[in-house]
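Visitor: Given chain P's structure and the hints, the job is docking chain R onto it.
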Amino acid sequence: QVQLQESGPGLVKPSQTLSLTCAVSAASISSGNYYWSWIRQFPGKDLEWVGYIHHSGKTYYNPSLKSRITVSVDTSENHFSLKLSSVTAADTAVYYCARVAPVPGAPNGALDYWGHGILVTVSS
Amino acid sequence: DIQMTQSPSTLSASVGDRVTITCRASQRLSGWLAWYQQKPGKAPKLLIHKVSTLQSGVPSRFIGSGSETEFTLTINGLQPDDFATYYCQQYNGHWTFGQGTKVET
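Protein chains in written order, with our numbering: chain P, 1 to 124; chain R, 1 to 105.
Honestly, I wouldn't trust all of these hints.
Facing chain P, according to a computed beta carbon distance under 10 Å, are these residues of chain R, among others [unchecked claim]:
1. Trp32
2. Gly41
3. Lys42
In short, the hints are calculated from the structure, not lab data.
Virtual Cβ for every residue (Gly too), placed ideally from N, Cα, C.
Only chain P is shown next, with the shape it has when bound in the complex (with noise of 0.2 Å):
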């Protein structure tokens, strides 16, 4: 069974980057044709999708937070990572990272795979 283990702080002053990292176990990150990625979830429960990269490095972004996202992976260590520079309160949110499984045909695909979620909080 596929597990995902988000870790980074659960809070982060405003201004500062946010900086989370994705464990992935019983699977190879650079195995098969999988996206792996970054979902939010704001405390009114809206989802919103984050990024997601595939082992090869390529890395398709929220138009919305383009500017301040990066997403990078770590073959070795078999992880994944994003950062978000510029907090401000509104990017407070439980983070999750998700796999994506490759659907033919379709554009990316569903998100088969989750980590339990991170709660991270700005503020001063």
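Guide: Chain R in isolation, oriented as in the chain P frame:
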């Protein structure tokens, strides 16, 4: 971006009921639609992808249907474990999610 509108936002039901949740897309999706179940404090769980394909291990009482811009999740014979919030998601490009439907007793 494709907008997803779910209804209702809250649904009151009892064990054994048939429950129907609707999701409308602002553009045609070519069948790239998924449904997720989320329980409090947990991550969403993939139930259905490609409109009607049941994810492995998901009970057959969950049925997805629809096409183009209108999609439905039906739960036949609601079970105690099914009280949760359900989200639709389109993946015909940049992902967007519906606002969620809370199924409560």
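Visitor: Under the constraints set out in the numbered hints, which ones does this structure not fulfil?
Guide: Those not satisfied: there are none.
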